[in-house]
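J.: Chain residues, written in single-letter form:
There are 2 protein chains.
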Amino acid sequence: MDSIEIRKIFEQALTGEGLDNDLLYLTKKIGARISGSVNAQRAVNWARKRMLEIAPDTVYLQEVAVPHWERGAKEKSFIRTSGQQIAMNVCALGGSIATHGLLHAKVIEVKNWAQLASLSDRELKGKIVFFNRAMDPREIETYQAYLGAVDQRSKGAIEAGKRGAIGVLVRSLTLKEDDVPHTGAVTYDINTKKIPAAAIGIKSANLLSAALAKDPNLIYSLKMECKQLPDEKSYNVIGELRGTTFPNEYVTVGAHLDSWDLGEGAADDGTGVVQVLEVLQTLTNMEKRPERSFRAILYMNEESGAHGAVQYAKEAREKNEMHLAVLESDAGGFTPRGFRVDGSLAVVRQIKKWMEFLVPYKTGEIFPNQRGIDLLPMKELSKALISLECDDQRFFDIHHSLADTYDKLNIREVKLGAASMTSLSYLILKYGL
Amino acid sequence: MDSIEIRKIFEQALTGEGLDNDLLYLTKKIGARISGSVNAQRAVNWARKRMLEIAPDTVYLQEVAVPHWERGAKEKSFIRTSGQQIAMNVCALGGSIATHGLLHAKVIEVKNWAQLASLSDRELKGKIVFFNRAMDPREIETYQAYLGAVDQRSKGAIEAGKRGAIGVLVRSLTLKEDDVPHTGAVTYDINTKKIPAAAIGIKSANLLSAALAKDPNLIYSLKMECKQLPDEKSYNVIGELRGTTFPNEYVTVGAHLDSWDLGEGAADDGTGVVQVLEVLQTLTNMEKRPERSFRAILYMNEESGAHGAVQYAKEAREKNEMHLAVLESDAGGFTPRGFRVDGSLAVVRQIKKWMEFLVPYKTGEIFPNQRGIDLLPMKELSKALISLECDDQRFFDIHHSLADTYDKLNIREVKLGAASMTSLSYLILKYGL
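Protein sequence lines, in the order shown, are assigned to chains H and E.
Residues in the first sequence are numbered from 1 upward in steps of one, following our numbering.
Residues in the second sequence are numbered from 1 upward in steps of one, following our numbering.
Only chain H is shown next, with the shape it has when bound in the complex (with noise of 0.2 Å):
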């Protein structure tokens, strides 16, 4: 019976303790992995060895390349004004040219386009721009105030570079009121002047903006050694399990095995990772093997483009292969609540159904508009993109951080999310969609 292998799946997520051990691994003795990097390949090796003790039918390598980005010596930042010099925490934004030395300009703080529009190229040439708009605390998603800031993240550089602005800062993605700067990547255009991009911690945001009220002339010292280098070959990993019946009909599930370079990369996207291998783990030990075909992918940069995302679409489009569903877990690793499901509305109707069997669990609840960036490649080619949803009212104190670290997670969290994604593919293999 469902509720019966769903009971024992979450019990043995549990009882379990490779999870953890694989957590532990990834933060603490490899790290934070970005792309491109020594520890990215060290994360590739150790994911597909891993794998090959999980000992799925195949395991597998699938080449790509990837952006290499570096930051170089920690930045240098401060502000001068009434002869005073107080240093700012900044950090390089992912992509970032370098300063090339120690830049020095006047800051110009906005908070929004209309703002920045309303400013003659004259006031913004030779300028430091400071987006400084903050997440909105009043939303209940933190989440949903993250979309309501990063855009300044995003397109911020192409927008004052555009004006003549030679540098932004952009004040850190979180809630939390602490300093520590939240990188990220920018955004450069191919007609536009690329300028050095940084985020600048909240209090120092804070400070910076009541320093600019009294004196609008201060100048801003920004210094980064970060460099952009050739791309590097790079690798999606990837185990499968053939299905019995309908061998040509996948269901996938995923995480991105890249991080930030600060932190540990560990609720982004160490969490997902494990629950990838404890949901490949679980179903490859299960008496039955699964009627239709697995595969649990640990995609290469997310961070940066996601181009292992794409890479693994552009194949399995010119395979030709039949997704029925494509999972992805990039949400923190927090308590479950349930899935974000883009499909039909059949689709939908089905996968909602089955949210009963996973009630008793608290993680039964169903949205619409899924967030997994590496599904997104696969949209015209599964019937469902399906990520996990999470309690996210801690991800963004630590996401894209020096504090996205082991010691913030709980571990029976991360558990009860790999035990909700392997009850839902288990339903899918079985039943088909």
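For the record, the hints were derived by calculation from the structure and aren't laboratory data.
These numbers were taken from a predicted model, which means no experiment stands behind them.
Check each hint, because a few of them may be wrong.
Pairs of lysine to aspartate or glutamate, EDC-like flavour, derived with a Cα cap of 16 Å [unchecked claim]: (1) H:176 <-> E:413; (2) H:408 <-> E:407; (3) H:8 <-> E:413; (4) E:408 <-> H:407; (5) H:430 <-> H:291; (6) H:8 <-> E:407; (7) E:362 <-> H:291; (8) H:111 <-> H:141; (9) E:362 <-> E:407; (10) H:430 <-> H:2; (11) E:176 <-> H:413; (12) E:176 <-> H:136; (13) E:176 <-> H:407.
Assemble chain E onto chain H, guided by the hints.
T.: Positioned in the frame of chain H, the structure of chain E alone reads:
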């Protein structure tokens, strides 16, 4: 409109800073505050001052005599086996008697009552009984796992004492695999000789169990200098808003001001205390005063007998007060999911209906079996007993231990709980029950 009012309640909670300041003060400036202690009195004074600042209609202290137990010097504990001495991490259970010097004895490990019953008095006489039944990790709710193991702490000393044992060790009530001992109240009865009772950390417990398997005659040594002092005069701290239309109908929101003497009493129950202050503040600041009377109650001594709550109920009965609903927050202050409600079918149905207002905030679930210890004395005196229900994966990791500190909390989670309680109080105050 109620939905607009509730939206305001949440926005105010999520943007305010008072709750965080209160929690920092209570945990960092006051800290642990076991009943009868100087710190408990400091907490009373501080809470009264905070309520006077909030300035509802009345603020008063309700006198109550409470137990006063002190841990004394840090416990010492070790085993001697095969010529080795190995330290054990323990802490006295709250209310335990001292060992009066270093107690040495052989150890009998048991996992359940049947096992204890099967042993002869001769086998138990002069021994330390080691209750080593773990909380069951397969439970989804950690509280259920706690309920399945807490009997060892609450009646272990009585059952072992009756059989001639001279001490008990109880496996710490946590699912986290560390070595931090977790205290909590031990119970003695009047007919049985009291024996010293200690909690032992999980790793120490596992080590002891393994050592006993090899050497059943190993000697356990334990020194505890705790003592029971005379009862102290203490207080519940109460703030009251008088209802404009039905002043004789009461709704209360409470939490307990005392904590154990280890850690900072952050999750248990600092979060509840600051939530209660936030509810009082918000209701006091509302443009329209409530139709019914409201009380914010900070109970003294939930942890070793709920003397404050018993006193409150006694006076409520004497004054023949009509309580519509009594609420408590004592579940750690993590992300709220809704409420646990005890009451008539009609009452539960009405509250369930109101939960629709809380669904947008993800805190609109309703469950049976409320869990507020301080509410139990009001069982016959209130139409509804209601406890805030929170995500509980993290609670028992820190519960009653040195690890119950401010840094384990997420302030938005605490704020969401406060807003949930304010909202439900607002509805009951407006419409009755």
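J.: Next pair to validate is residue 430 of chain H with residue 2 of chain H; report whether the Cα-Cα distance is within 16 Å.
T.: 10 Å, holds
J.: Mind checking the alpha carbons of residue 362 of chain E and residue 291 of chain H for me, to see if they're no more than 16 Å apart?
T.: 37 Å, violated
J.: Assess, step by step, whether the Cα of residue 176 of chain E is no farther than 16 Å from the Cα of residue 413 of chain H, and give holds or violated.
T.: Holds, because 12 Å separates the two Cα atoms, which is no more than 16 Å.
J.: Compare the distance between the alpha carbons of residue 362 of chain E and residue 407 of chain E with 16 Å, and conclude whether the hinted pair is satisfied.
T.: 24 Å, violated
J.: Regarding the pair residue 430 of chain H and residue 291 of chain H, is the alpha-carbon distance no greater than 16 Å?
T.: 6 Å, holds
J.: Between the alpha carbons of residue 408 of chain H and residue 407 of chain E, is the straight-line distance 16 Å or under?
T.: Holds, at about 10 Å.
J.: Does residue 141 of chain H sit within 16 Å of residue 111 of chain H, going by the straight-line distance between their CA atoms?
T.: 21 Å, violated
J.: Keeping to a limit of 16 Å between CA atoms, is the pair of residue 8 of chain H and residue 407 of chain E held or broken?
T.: Violated, at about 35 Å.
J.: Within 16 Å, alpha carbon to alpha carbon, are residue 176 of chain H and residue 413 of chain E?
T.: At roughly 12 Å apart (the allowed maximum being 16 Å), residue 413 of chain E and residue 176 of chain H satisfy the hint.
J.: Please work out if residue 408 of chain E and residue 407 of chain H have their alpha carbons no farther apart than 16 Å.
T.: 10 Å, holds
J.: Is residue 176 of chain E within 16 Å of residue 407 of chain H, Cα to Cα?
T.: 12 Å, holds
J.: Does the alpha-carbon distance linking residue 176 of chain E and residue 136 of chain H stay inside the 16 Å limit?
T.: 34 Å, violated
Consistency with the previously given hints fails for numbers 3, 6, 7, 8, 9 and 12, ordered from lowest to highest.
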